[in-house]
Structures are given as C-alpha cells and as structure tokens.
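Visitor: The whole structure should be built from the sequences, with the hints applied where relevant.
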Amino acid sequence: MHRLFRILIVPILLVSLTACASVPTATRWAMPDDTMLGSDIPQGTATVPNVRIDSFTVNVPKSLKVNERNLYYPIGDIVWRGEPRGDRYAQIKAMFDAGLRTAATRIDGARPVRLDVQVTRFHALSEKARYTVGGIHDIDFRYRLVDVETGLPIGPTKEINADLKALGGQAAMAAEGRGETQKARIIAHLARVFYEELMVPGGHVTANLGLLQAINDL
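Position 4 (the sequence shown) corresponds to 4 in the working numbering; numbering is contiguous.
Hints are supplied without guarantee of correctness; some may be wrong.
List of simulated lysine-lysine pairs, DSSO-like, C-alpha gap at most 30 Å [said to hold, decoys possible]:
id, residue 1, residue 2
1, K65, K165
2, K93, K62
3, K93, K128
Honestly, the hints are just simulated from the structure, not real lab data.
Guide: Below is the structure:
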C-alpha cells in the first residue's frame, strides 16, 4: 500500500511544482539481495574508527531495476541520465570508485581496512525533471569495514542514505557551464559522505530535503 501511494503521489506532486523552485524527490522502497549477511544495521556511532582505506570493493547488484523512461519521476531503483545510455551498473560503480579514491586520500587512521560497499538505490533525475523542477539525487548504500590483517569485519554493516539536492532548470544549466555536472557533483558528494563516515564522530548525517523525501520515508 505504501509503495502504491508513493507511485501515485510523487508524480502528481512533481507536476504540480513545475512552475516553482527546485523540489526534492526520493524513494527507497527497493532493496536488492543482501550480500552482507548477518549484520545489524545501526543508526550511527559516536566514535571515529581510526582506520585508513587500504582497498575497497563496490557492488551494484543486477537485481536493481533500471528505468530509462523520460518521466518526471520514473519508478525504479536506478535512474541515471548524467552519461550516455549504456551500462548503468558500471557507470554507477565508477562514480562510487571515484568518490572512494578521493576520500581515501584524506582518511588517515592507523588501522588498514578494506571497505565493501553495496549500492541499494541510485535514483537521480530524468531529463524532464532536470530541465524543469530539479529534485534530489536519492542515493542509498550499505558498507562494512574489514580488517586487512585478520580478514574479520570491524563492527556491523551500516546503511547510509546519501541524498543530495539536485539542480534543475536554469540553475542546472549554469552549473553545467561551470563544469559542475551531475556526475561531478555526485562524485564529490560521495567522497564527502565516506570521509564523514570514517572521520567525523557520528558519521554522515542525512540531509533534510523536504516534503517528497518525507513521503518516501513512509
């Protein structure tokens, strides 16, 4: 019932806001098969793990459904139009790889770890939304840390919501002209999220992006 409600209400809200400022849109109802079994998912921690990233893996499960339709709010797990049509799974993995490489240069703790990431949702903007109302890039993933020396997990798997405000209309075009593409903004954001998770007490704090985000949290 909640999923049906979101499917019906989100496009209606987006259409009603086409004459207004950029408005966030999000959903996170879809979850792929879990490859990180046996872990509770905490809401955060007040400590910094004192680690450095020795290596990382990124998994974008093929069970996530791609939607290429040009609607205000395409229903699906993966919506990505910031690159030419192609292997969306590989494109999303490449963005996470780039963000992690950047973050790793700033995470300088004592304990070497492998960071395993599983993407659970990557819903950016359709062309129609980007050139009109904007919205949010709804990015969800889970990660775990593994001690390089022992091969054992360090703490439980964590689930992260990394929503990012997405530009629309003239603001999007102006940013594009400055080289601030959707892809560049998302990579920089992911680098910041991973840095906050491993270097800031309490970890990354999900942005409050308004009404549509709240609806999709139902």
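Visitor: Please list, smallest to largest, the hint numbers that this structure does not respect.
Guide: No hint contradicted; all consistent.
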